[in-house]
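Using the hints, build the complex out of the two chains.
So the protein lines, in turn, are chains D and C. With our numbering, the residue at position 204 of the first sequence is 204, and numbering never jumps. With our numbering, the residue at position 84 of the second sequence is 84, and numbering never jumps.
Bear in mind the hints are in silico, worked out from the structure with no lab data behind them. Incorrect hints may appear among the rest.
[As the list claims (entries may be wrong)] A few chain D residues that face chain C, going by a derived Cβ cut-off under 7 Å, partial list only:
no., residue
1, Asn95
2, Lys141
3, Val171
4, Gly174
5, Asn176
[Claimed, not checked] Chain C stretches covered by chain D per the calculated footprint, using a threshold of three residues with CB under 8 Å from any CB of chain D:
no., segment
6, 108 to 115
7, 196 to 206
Backbone N, C-alpha and C define an ideal beta-carbon position, used for all residues, glycine too.
Here is what each chain is made of, one letter per residue.
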Amino acid sequence: MSGTTTVAQKRTTGKTLLEPTTKEITEKYQAPKLEIPVTPERDHVEGAVSAALTLVEYGDYQCPFCGAAYPEVKKVQKELGSELRFVFRNFPLTNMHEHAMNAAETAEAASAQGKFWPMHDFLYEHQATLGDTSVALGYAKKLGLDTQRFEREIAQHMYQKRVKDDFMGGVRSGVNGTPTFYVNGVRHDGDAVAKALVEALNQTKK
Amino acid sequence: MLCNVSSFQGREASPLKTSLMQAGKSRRMRKLENKGTARNRRQQPIKTKKIVKTADSVLGPGKLAPNFSLNSTPDQKVSLNDFRGQPVILAFYPADWSPVCTDQLSLYAMVMPEFKKFNAELLAISVDNIWSHLAFAKDRKLNFPVLADFEPKGSISRKYGAYKEKIGESARALFVIDDKGIIRWSHLSPDGINPGADGILSALENLNKAQPAEKS
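The shape of chain C in the complex, shown without the other chains (with noise of 0.2 Å):
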């Protein structure tokens, strides 16, 4: 098996990566600022048709995140609300599993020491049912909940904006929600993009600077 989501799916594709997140001050919002120059370098135009719905609709920096209560285990419920007073990140992702030996979620998995440092709690979503999940974040020593938003079937996807109607799963979207339940920042990378970790250390790290004299 390979070892590598990204080589596996992504990297062959991922110069056309793109993170339409819509926060702040990383490099990835200086890209965002190009997006007209970028594309008039292209010789042709491209079609304005080609303009994502999914990216424009996932939801932005200084919105209040929507709650939730979603599964966990058969018989545990995991809501947004029970993390007011510390950070939370949310990573909505398409499927359970996939034919390689590490993915997205086995990084965080990894990093998550890191995420502990600044008190984040990682939340994982998908469409998958809680069985799924079980047996997933089994077999990927995953240290973290993963949410099942499986009835009404992508509910909370939607509301965040991370839906992809037609497949019928959850987008792959990050969210970085602050101690008070506002989002802080976004991000949205194509299905075979492993987006990594670097992004939401960032933004955690944003966080603490934006405020340093509130407490909560």
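Isolated chain D, as found in the complex (with noise of 0.2 Å):
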């Protein structure tokens, strides 16, 4: 079962990969395609709005995985500068995650206000503290917002329909779990670490 199939996949990611192991994987694979365009208008973007490379996470704040994907983002937007725009979009696994809407309202909050990356950072920042919402009231604070504003807003669960539109663009887009990645518009099907995110970003320049 080794070999052929390994070799050839190899060549056109560049990454190790696991050996097939089950018997039907004969055919060449391509990985699904943003369905939902990246719209600065509505979206949250990160750098240049005209970079050559986007970088879309699908995301939710409480799940470990992602936490660990965030200083791999980081590293990404550090190695490659003003070439590159990164966007965030909510994929809230809420049947898992207890807190992970409220998290994205949170966010979503914040962004009214002119706020989402620095609440977006600090609540990746203090997942562990997700369900005491006094923590991200009190950054709100320091941030300088109308807290009164964001407290009702959420409250309110103002932002949770954007919340769920993202979530099901993820879905159409074949988000299956969180984070997942794409790549200039293809989903990134390899580590959520900064040095295979670098490689297939440079990789969709040639």
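Here's what the structure looks like:
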């Protein structure tokens, strides 16, 4: 079972892959495509809007795997600089993660006051405290947000529809867990680590 | 625990991911059509013995879906024919418990409202027994019947070509069946690969497109 498929795949992806374990693996695989194009007016975009490279993440603030990927994305951004724009979309796995929806709404409420990225980063850096909403509120205060509005919008679920729209868009694009990354519109099936992401991004330039 | 079944098992292997579904108009079909050329591009030929029994035998579109009657609880049976008149999604899967915090069926539980927009019913099937299913469904908050293809073991999975004899488990196979009980789309994933829900939703959409005039 080993051998040819793995060799061929290695050549195209530049990665070491697990050997095929099932007999049905005989075809060339095509990763799913991002069905919802990046729109700077709606999406959270970090980096130059017109950058040549686009990395999209579907993430869940409570997911430990996303927490692990968070510093990796930072490394990718540092390495590629102005060449890259990074887009974050919500994919809260609410049946497994009880605080995921609230956290997503918290980031969206901060976004409404122009502070999406600081709150996004804060939430990932404080994953352990997601159950305690006073922590994010304290940070909102520190950011200078109108905390009354911030709290009210979260309590009224003003942004829940947006979060759910993100989720369904992800489902249509083949998101099957978190985090799922798309490199220039194609699902990244490699590891969620900086090296693999940078490699995949650079490959699209060729 | 990891957050994601595909990262854990499948993502690393997923460039090898394949879809051997035999249906219609999606991008997956093009893959199938490209099978020959894809193989030619490889330096070394693939030995024919690698070609798949399981995949070829998964029931394809156009066939009448074999009826079944399987337990969903210790004293309740669910029959496919109960759902005639509405679309049915069948999700065969290998085993109830996997050591990750979400999986294919958890995702489907979350996407259920979308399936319902098509008036579709989802039935999940594996060879695990009903007590395992009950505990599993409770743990993962599943909101659809989980059926036990337990005795005789795997007999329904076999009828759909979705049984792995050597391992003794159902294959990870999906079927979308129309309101008349005809299979309209099927898809087989390698075990480690969570196929997601996009294929099912596309198949449900195509169902409506293909039969605008017919009503049962």
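Here is what the structure says about each hint:
no.	hint	in the structure
1	Asn95	5 Å, holds
2	Lys141	30 Å, violated
3	Val171	5 Å, holds
4	Gly174	5 Å, holds
5	Asn176	4 Å, holds
6	108 to 115	holds (count 4)
7	196 to 206	holds (count 4)
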